[in-house]
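Read top to bottom, the protein sequences are chains A and B. Count the first sequence with my numbering and you get residues 890 to 1000, in order. Count the second sequence with my numbering and you get residues 319 to 432, in order.
These are computed hints drawn from the structure, not numbers from a lab. For every residue, glycine included, the Cβ atom is placed at its ideal position computed from N, Cα and C. A portion of the hints provided could be inaccurate.
Stated by the list, open to error - Distance ranges between label pairs, derived from CB positions:
| # | chain 1 | residue 1 | chain 2 | residue 2 | range |
| --- | --- | --- | --- | --- | --- |
| 1 | B | P357 | A | Q961 | 20 to 26 Å |
| 2 | A | N956 | B | P401 | 38 to 44 Å |
| 3 | B | N344 | A | D942 | 31 to 37 Å |
| 4 | A | A934 | B | T340 | 18 to 24 Å |
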Amino acid sequence: QQQVKQSPQSLIVQKGGIPIINCAYENTAFDYFPWYQQFPGKGPALLIAIRPDVSEKKEGRFTISFNKSAKQFSLHIMDSQPGDSATYFCAAGWEAQKLVFGQGTRLTINP
Amino acid sequence: EAQVTQNPRYLITVTGKKLTVTCSQNMNHEYMSWYRQDPGLGLRQIYYSMNVEVTDKGDVPEGYKVSRKEKRNFPLILESPSPNQTSLYFCASSLGTDMNTEAFFGQGTRLTVV
Chain A
890 QQQVKQSPQS
900 LIVQKGGIPI
910 INCAYENTAF
920 DYFPWYQQFP
930 GKGPALLIAI
940 RPDVSEKKEG
950 RFTISFNKSA
960 KQFSLHIMDS
970 QPGDSATYFC
980 AAGWEAQKLV
990 FGQGTRLTIN
1000 P
Chain B
319 EAQVTQNPRY
329 LITVTGKKLT
339 VTCSQNMNHE
349 YMSWYRQDPG
359 LGLRQIYYSM
369 NVEVTDKGDV
379 PEGYKVSRKE
389 KRNFPLILES
399 PSPNQTSLYF
409 CASSLGTDMN
419 TEAFFGQGTR
429 LTVV
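So that you can see chain B by itself, here it is in the shape it has in the complex (with noise of 0.2 Å):
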């Protein structure tokens, strides 16, 4: 079954408690993508990953890092997580060619910072 699989579903961490969430496709995607859902805000994009070892900010970056060694994964890693990261977050794949194509979005993690 092709899917977009997040790790863990629910989180609820200390303030500057560095945690990874991780997210893995099996679709052979190459266009990856880290969102964050706020209510109001809808979804904004953290980080974006174009290809193995290509990342870059989307809209929403301070606080976050990522990476792409492996096509298929692509975590998402708080270094020292505050309280203003506590959201739904949401990872997505989509086939990398020059015209968009539907976005498949991972189950979600919400994340709590106390």
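This is chain A alone, in the form it adopts within the complex (with noise of 0.2 Å):
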């Protein structure tokens, strides 16, 4: 299977909260995943990635955690400020390039 399932599908957050949004594989053969921001009326962007071998990876304010036994991984966002409200998408990877998305959450940070 390669869907990808992310939840919630929208977040809200008072200012200073920490955000967190899950995601479920079922396909081991995934290797790669990827967070992807989306700000309204842009393209997603990289946010953080990481790779099985490890089971949290941290840049700046946003962490993730990754369960391989569980097949599942999940975006901590600390400190949320209103500038991080936005769509977060996770993915996974598998082979050269291939990516599969999950349904995405639409997260508000209130001020």
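Mind docking these for me? Both chains are given alone in their own frames, and the hints should help you get the complex.
Take a look at the structure:
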């Protein structure tokens, strides 16, 4: 199965809170797990990515947690800001350059 | 500036009238692909190309055609558009290595078929 299931569909958090977006996959051949951030009127842009040989990766306020045995990974945003309000997509990749995307999460950070 | 450029950004057309959405990248990337974005469905791949003259179907190829005559260009062709092809379309490019690398997306083309 090539599907990636993402939840929640939408999320509202107060400024400074820690939104968490979850993704689950079935295909154990996936070996690349990126998160993309999309602002209105723009194309998605790579935010952070992880490979299955590590359980966590942090870049600034963004952290990916990866659980290989559960086939799940999640995005955490520390000290969230209104400027983080966007749609977030998880994805999973296999072979060269093949990606399948989750359904997307619309995140709103209230001031 | 490294970028993926799509044209047009917005397009309203009628059922059955052939149209082409252009995509061009200036990063010398080998891999290019087209996605459509629909609410609740995320991004679904339509077609992809590993290099010049090499194209293959993605997850939702029905009703679409592509060509890759030059490395930098990857146009999406709708020979006979139908209302169910109303969507937001994105072109993307990435390095053609044997490992997944960052995909760079264009700004999107919002297509309405009436």
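Tested hints:
B:P357 and A:Q961 have their C-beta atoms about 24 Å apart, which keeps the hinted 20 to 26 Å range intact. Distance hint for A:N956 and B:P401: a CB-CB separation of about 41 Å, consistent with the stated range 38 to 44 Å. For the pair B:N344 and A:D942, the supplied restraint of 31 to 37 Å holds, since their beta-carbon distance comes to about 33 Å. Roughly 21 Å separates the CB atoms of A:A934 and B:T340, a value that falls within the hinted 18 to 24 Å.
Checked against the numbered hints above, the structure breaks none of them.
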